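Protein chains: 2
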Amino acid sequence: MADLELIHELLTPAQTKIALLVLDGLGGLAVEPGGPTELEAAETPNLDRLAAEGIVGLHQPVSPGIAPGSGPGHIGLFGYDAIRYQIGRGVLEALGVDFELQATDLAARGNFCSVDAQGTIIDRRAGRIPTERCAELCAELRQIALPEVELFVEPVREHRFLLVLRGEGMAEGVADTDPGHTGVPPLDVTVTDPVAEAAAGLVRRFVEEARERLAGHDPANMITLRGFAKKPDWPLFPETFGLRSVAVAQYPMYRGVAKLVGMDSVEVGPSRDDLFDTLSRVWPDYDFAFVHVKDPDKAGEDGDFDRKVEVIEEVDGYVPRIVELQPDVILVTGDHSTPAALRSHSWHPVPFLLWSPTCRRDEADRFGEKWCRGGEGGLCRSEDLMPLALAHAGRLAKFGA
Amino acid sequence: MADLELIHELLTPAQTKIALLVLDGLGGLAVEPGGPTELEAAETPNLDRLAAEGIVGLHQPVSPGIAPGSGPGHIGLFGYDAIRYQIGRGVLEALGVDFELQATDLAARGNFCSVDAQGTIIDRRAGRIPTERCAELCAELRQIALPEVELFVEPVREHRFLLVLRGEGMAEGVADTDPGHTGVPPLDVTVTDPVAEAAAGLVRRFVEEARERLAGHDPANMITLRGFAKKPDWPLFPETFGLRSVAVAQYPMYRGVAKLVGMDSVEVGPSRDDLFDTLSRVWPDYDFAFVHVKDPDKAGEDGDFDRKVEVIEEVDGYVPRIVELQPDVILVTGDHSTPAALRSHSWHPVPFLLWSPTCRRDEADRFGEKWCRGGEGGLCRSEDLMPLALAHAGRLAKFGA
Chain A
1 MADLELIHEL LTPAQTKIAL LVLDGLGGLA VEPGGPTELE AAETPNLDRL AAEGIVGLHQ
61 PVSPGIAPGS GPGHIGLFGY DAIRYQIGRG VLEALGVDFE LQATDLAARG NFCSVDAQGT
121 IIDRRAGRIP TERCAELCAE LRQIALPEVE LFVEPVREHR FLLVLRGEGM AEGVADTDPG
181 HTGVPPLDVT VTDPVAEAAA GLVRRFVEEA RERLAGHDPA NMITLRGFAK KPDWPLFPET
241 FGLRSVAVAQ YPMYRGVAKL VGMDSVEVGP SRDDLFDTLS RVWPDYDFAF VHVKDPDKAG
301 EDGDFDRKVE VIEEVDGYVP RIVELQPDVI LVTGDHSTPA ALRSHSWHPV PFLLWSPTCR
361 RDEADRFGEK WCRGGEGGLC RSEDLMPLAL AHAGRLAKFG A
Chain B
1001 MADLELIHEL LTPAQTKIAL LVLDGLGGLA VEPGGPTELE AAETPNLDRL AAEGIVGLHQ
1061 PVSPGIAPGS GPGHIGLFGY DAIRYQIGRG VLEALGVDFE LQATDLAARG NFCSVDAQGT
1121 IIDRRAGRIP TERCAELCAE LRQIALPEVE LFVEPVREHR FLLVLRGEGM AEGVADTDPG
1181 HTGVPPLDVT VTDPVAEAAA GLVRRFVEEA RERLAGHDPA NMITLRGFAK KPDWPLFPET
1241 FGLRSVAVAQ YPMYRGVAKL VGMDSVEVGP SRDDLFDTLS RVWPDYDFAF VHVKDPDKAG
1301 EDGDFDRKVE VIEEVDGYVP RIVELQPDVI LVTGDHSTPA ALRSHSWHPV PFLLWSPTCR
1361 RDEADRFGEK WCRGGEGGLC RSEDLMPLAL AHAGRLAKFG A
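First to last, the sequence lines map onto chains A and B.
When we follow the working numbering, the leftmost residue of the first sequence carries the number 1, and every step to the right adds one.
When we follow the working numbering, the leftmost residue of the second sequence carries the number 1001, and every step to the right adds one.
These are calculated hints, taken from the structure and not from any lab test.
From a predicted model like this one, the values you see are computed outputs, not experimental measurements.
Think of the CB as a built atom: it goes at the ideal place given N, C-alpha and C, for glycine as much as any other residue.
Certain hints may be false.
[As the list claims (entries may be wrong)] Sample of chain A residues facing chain B (criterion: CB under 7 Å; computed from the structure):
| hint | residue |
| --- | --- |
| 1 | P387 |
| 2 | K398 |
| 3 | F399 |
Turn these sequences into a full structure, and let the hints guide you.
Next comes the structure, spelled out in structure tokens:
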């Protein structure tokens, strides 16, 4: 299969533009045998028209049977092999709170937890303390002074926080201290790679002082740490694909993943109008825009089939806002399936449509799983979508003579 | 995915024969929204009957979104991963002019170009000199004497020529001298691999003497060289697949690619009758015959939709000539798509039909993109077709117990 290097070598200049609209968790399931999925049930005249004029298909994130998180789901859509290009847990946590990771940062996901008098974990989530309490305790931990590094302790949600050590010599290779279950103490701070000894020494000091400062703050009287990771050094999206690229997304996580691969990102107001107004505003300055809509995934996670249908219909109403920008290629899909019936991300392939004047139209005249099956796009890998979009945009030269 | 080694291990003896008919550039596009592709528009009763009795599908050359050249297109049909098995530019050029490469040959693609008094390239193609003029200049360059190697300089077309150094120690690793654009002199002869120092030294002498001999022969007063390559050392098709194999093709390039993977090849007269007469003549001696028809690709490159339809219909009239030979498997497809609407090779998947008594028939009763979509063959990789043909020919044993 083509890798990023091969695609990069084939780039050919073109004054064309690509719009990628991601409806998070778009793929779904019927709630009764023979019934429609959320997308099939939705009235989507604008998406249907694009499907009729373009091609449709299903894409498989990661690998068959695998339900991806938001990180791998988007990494695949951005053209990267999600198994080869994995985002460390600590880095994902940083992206989720809009923390600007620098090259010298070592990040980890932290949990406040509850330990008994012997130091044994009795609740890995400290009773899911309120986020406000989490913020207070993070402020307390931020007082810890470590030599030669700058320390960041940022609240995430409930018992979750982000730990970042910023300084020269902070290497990956610090092991998790979270044992993953109760009945044992947090694990000692050790290394999986000797290059991380210096970092591990500082983390050890941080953990010990955290234990002292949290004593008596029950139920959040201790911490565990996992997923120590640095910002990855990957081929960047704009250079790899030759596209001036921007993320238009309302949630930090999605802006963050896009920034991780080098896309620009813009602040967006909270409404749907804000999202598409922002797209229109930045569109002239870019060749590629990634527009992210979170709501279908949220409705799916809530198990609310009808709400997911409504949200998809609402987004359909905004599709003309993309069409009027006259992209050369419009790609509409999800990063994964989130069937309301399962209330979670799932492994099911995700419907996509690709509109372009150079499409070999298939028979599909509606957008939805049943019409996507058997479309010209077949059942492809998520990371095939970017090369396909580039080809339809006239941006890939012939391979070999 | 299965590789050549695995397929080879599974070979089981059978007295069966496979015919592969390649209509070059077969895949197409509609010229108006909702209209037929070239193949869909063509009246092809004989191919339709094979499609009805067999299976159909689409195959994707190289990787989604990638438009292959003739080399990678055929390498894929022959069962090889076209990304792993890449044919060097110099070798392709040799194949195209029926030059019999030997193991000690180092081949390069040459261009006559125009340089000004300072040696700066002002036209990379020397005004596309006539092929006759190219032949005269090649004869001139052939006079250059290099120590310890035999030199070949063969005209190709217009400003293009083939350079071959034949001798012990000629290694790959000589860098291109073609800078790829005007406004600079040709690049010095350097190496990308130190093992090529000896070859680079001789190429340097050749280039210097070429400069002297071409001085005053404006516009073709200099040369550039690129794609230095040797005949690859690949697993051979007849051994890998256990098939006595022959190429029946009228164009040197296609005979050449087939010979590169070890197939026999025969001279064929210029007419369509010659092509199928030759097939009938050699058929008894082989288990596998590759029959190549160039015309659909030419019509596509010319942007002539109607001519491409006609050519496909003409070829359909010869399909009974294949059927009467009673192959156990008949595979009909293209090496890539060449839609008249795009006047070039394209990335679009290519329709195929596979006829055999052991096919699990699908619903398709005509041959064309819209019927191939959703056929039993699905959307597969080009290199999957050979294992599929071998299986239907009863030539692959069970994998594992």
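Status of the hints after comparison with the structure:
1. P387: 3 Å, holds
2. K398: 5 Å, holds
3. F399: F399/A check passes; min Cβ-Cβ to chain B is 5 Å, inside 7 Å.
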